[in-house]
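Enquirer: Below are the chains, spelled out letter by letter.
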Amino acid sequence: MIMDEMDLVGQLKNAAPLRSEAYERARTALRGAMAESEAARASEIAPVPEAAPMRTERSSWARDRRLGILGKVAIGAGIGAVAATAAIVVVAPSAPRPAAPAWATSQAPAAQAPAADIKLVSLVTEIKASDDSLQGDASLVVRTQTIDSRPPDVTYNLYTDNGDYYVTDTESALPAAISGHDNLAEDVNAREVEAARYAATGDLDTARKQMVNAMPNAFGLGLSPAEQEKAWEKAMAKDRSIYQQKGIAPPKRPTGKALQNLIDNHLWTGSVDALARGAANPEIRAGVLKLISTIPEVTVKDSTTGGRPTLTLTAGPALFGGSDEQVLTIDARTGMPIRSEVGAPGRKPSSVSVFEVSRVTLADIAAGRF
Amino acid sequence: MTTDAELIGRSLAGDTEAFMEVICRHEGAVGAYLVRRVGREAAEDLLGDVWVAAFESRRNYDRSFPEALPWLYGVALNKLRHYWRSRPAEDLVPDLTGMANGWDPWPAVDARVDTQAALRLALDRLRPEEREVLTLVAWEDLTVADAARALRMPAGTARRLLHQARTALRNAPEVVVLLTDLNSVKESQ
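Listed in order, the protein sequences are those of chains A and B. Sequential numbering from 0 applies to the first sequence in numbering that gives the first Met the number 0. Sequential numbering from 0 applies to the second sequence in numbering that gives the first Met the number 0.
Source of the hints: derived by calculation from the structure; they are not laboratory data. No experiment lies behind these values; they were computed from the predicted model shown. We treat Cβ as the ideally placed atom computed from N, Cα and C, and that holds for glycine. Among the hints, a few may not be true.
To be verified - Stretch by stretch, here's where chain A covers chain B in the computed footprint (C-beta under 8 Å, at least three residues):
#, segment
1, 0 to 9
2, 13 to 23
3, 61 to 72
4, 130 to 139
5, 170 to 182
What the hints assert, rightly or not - One side of the interface only, derived from the structure: several residues of chain A facing chain B at Cβ under 7 Å:
#, residue
6, GLY9
7, ALA28
8, VAL187
9, TRP231
Required output: the full structure, derived from the provided sequences and hints.
Expert: Pasting the structure below:
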């Protein structure tokens, strides 16, 4: 028999089977969701805890990892969505501030906030002064990502103002994604946007805590050291069986600078995600920049991109486990993200994403009118 | 036997065990679907998310289709898109929000894929939607119509994409070499 290309592809079909405990774990996760659904239907009231609850039956690390994804995907969702009003006052480039601000590691939730970066604060002032009304009810973000020397990967991301999120590989596939209800937004996204909105006018310490806690975590922010340790142990206990299956010892609770960096990683990821989703709203953008301005490992410098003034925000390697850094370029007048680069400091970035954003209406996209 | 569509209908009426029955019927197939695309370790992490997403969106299930497997593949694909966009090598800096000390959450590459590197390379060069149709047909044994349903596209579009994918593969240098070698060996036997 002559083999053809389908036969060849078929040779890759064999796959290692899942372990039986994995099926059981998945079913348990489903039962948990069913129980939550039942409870919600019974009460018709969604609880609003200080920290987002971890879904009991699902591993917290797996869920958290995914929650960060949207931020990664979505940087720059609102580029160009809001018109500029006036140039900001430019000051000297900022330097990294001393690490370990009190708020991150203190047991006292009302600890003093770290000094905010003056450039970002200036920009926040400008953004808040502008209140441009935007056309449309959604932002379409065309993201072109180039990784190393591979061909660019283009995705079409649609963020509606009411929080829905659709992503496809071609523009023409968006209508089907909408009609098929392929909404990929998760609850955490709404919490992140709300935290950013609060940050614009509310107490910054509270807002930071709100943003960090938008993603389930075991930090126990605001609790006493003993309670924090207890919260960590409780979280680890939930995942103990997974660690055992994988032959890994549950980690100890990080402390000091390591803990602060982990918390700041939450803050950065959540803030950038909120910037993508809520960029159409000046208040949310301002809130995001205020939050980012308090991260000691983020530095801000003046730059120029395509002839327009920009700010370059560098989130240092300490935020990401010591290996890579993320450099986010935003419009110096509007705060809109323009470009994201990731890679080892001082080397050619391994991943570069460029964003084109336009305001659209959901009805137009659903009808295939681009 | 009760169809998946009927079970989903019962689930919507409040019978939660009915949906669990649907899952038990297809967990092997969906698990294998995930493994083929992201490896076993990541597949084990994703499977529960797929079930939860399916449960939460079951109201959208078109009950004129008795079998739910193509729909479940579509739900799984959405979760895979989340996953693929999270991979640090392909995206931004590592997100530590879920990482504990010394924890490496990323799955090992399936060794089987290494042995078929040339073919994998050719598959990688296909457009994503071409690759999805091709692998749903070749690996999951779906008809083109069911693959179209999983991908929420017209059957005609799926047929065109499959044709394009097969043509591109057939003309890929790596595949030409592989097929020439394999068919030569067969002929000489």
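Enquirer: Three residues or more, CB to CB closer than 8 Å: is that satisfied between the segment 13 to 23 of chain B and chain A?
Expert: holds (count 5)
Enquirer: With a Cβ-Cβ cutoff of 8 Å, does the segment 130 to 139 of chain B contain at least three residues near chain A?
Expert: holds (count 5)
Enquirer: Please count how many residues of the segment 0 to 9 of chain B have a CB within 8 Å of a CB from chain A and say whether that reaches 3.
Expert: violated (count 0)
Enquirer: Taking a Cβ-Cβ distance under 8 Å as contact, does the segment 61 to 72 of chain B have three or more residues in contact with chain A?
Expert: This one is violated; 0 residues, fewer than the three required, reach chain A with a Cβ under 8 Å.
Enquirer: Quick one, is the TRP231 (chain A) hint okay against chain B at 7 Å, beta carbons?
Expert: violated (10 Å)
Enquirer: When the nearest CB of chain B is found for VAL187 (chain A), is that gap smaller than 7 Å?
Expert: Hint on VAL187 (chain A): violated, closest Cβ of chain B at ~10 Å, above 7 Å.
Enquirer: Could you check if GLY9 (chain A) really has its C-beta closer than 7 Å to a C-beta on chain B?
Expert: Nearest chain B Cβ about 5 Å off; hint holds.
Enquirer: Would you settle whether the hint for ALA28 (chain A) is holds or violated, based on the nearest Cβ-Cβ distance to chain B being less than 7 Å?
Expert: Given a least distance of 3 Å, the restraint on ALA28 (chain A) holds.
Enquirer: Would you say the segment 170 to 182 of chain B counts as covered by chain A, given the rule of at least 3 residues with C-beta under 8 Å?
Expert: holds (count 5)
Comparing the model with each earlier hint shows violations of hints 1, 3, 8, 9; every other hint is respected.
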